[in-house]
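Visitor: Sequence:
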Amino acid sequence: MSDAELLRGRLRELDDVPYPGAVERIAAVMQGVELLVATEESGSETVTHFTVGKDAYDRSWIYAYLDEAALRRGTVAEQQYSIFLFDDLVEIASANGFGGIIVDQFDGNSSALLPGDYFDLALAVLRAQG
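Each residue of the sequence shown is one higher than the last, beginning at 18 in my numbering.
It should be emphasised that the hints constitute simulated quantities derived from the structure, not laboratory data.
One or more hints might be untrue.
25 Å max Cα-Cα, derived DMTMM-like pairs, lysine to aspartate or glutamate [said to hold, decoys possible]:
id	residue 1	residue 2
1	LYS71	GLU51
2	LYS71	ASP32
3	LYS71	GLU85
4	LYS71	GLU57
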């Protein structure tokens, strides 16, 4: 079993955990994990544009994936991506007002959802675990 499959299993165990408790556990599981983040051409070597989806409130959610197979299932063929640590992605999303982060979104399912309303809590957990 791959590392990504093991992580998906650990995240699935949290499906019935209510928020905000789920956020603390998601952050603990995902700390230090590398994510493939769908990106778009920005025309600049110093600026990364994330491929996002909008929710009903017009907030932008970042799509991130645990492995290339999930990225290919959840995006278009030959999707560009960048690699970010979960910890760094939460920092970036929080600092830039994103609506949230979706991990492994495809076929109407995801492995984890981290709404922007809980970024501060996730960051506190990540910092406490150091």
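Visitor: A separate judgement is required for each hint: does it hold in the structure or not?
Guide: A quick look at each hint next to the structure:
no.	hint	in the structure
1	LYS71 <-> GLU51	24 Å, holds
2	LYS71 <-> ASP32	22 Å, holds
3	LYS71 <-> GLU85	23 Å, holds
4	LYS71 <-> GLU57	15 Å, holds
In this structure, none of the earlier numbered hints is contradicted; all agree with it.
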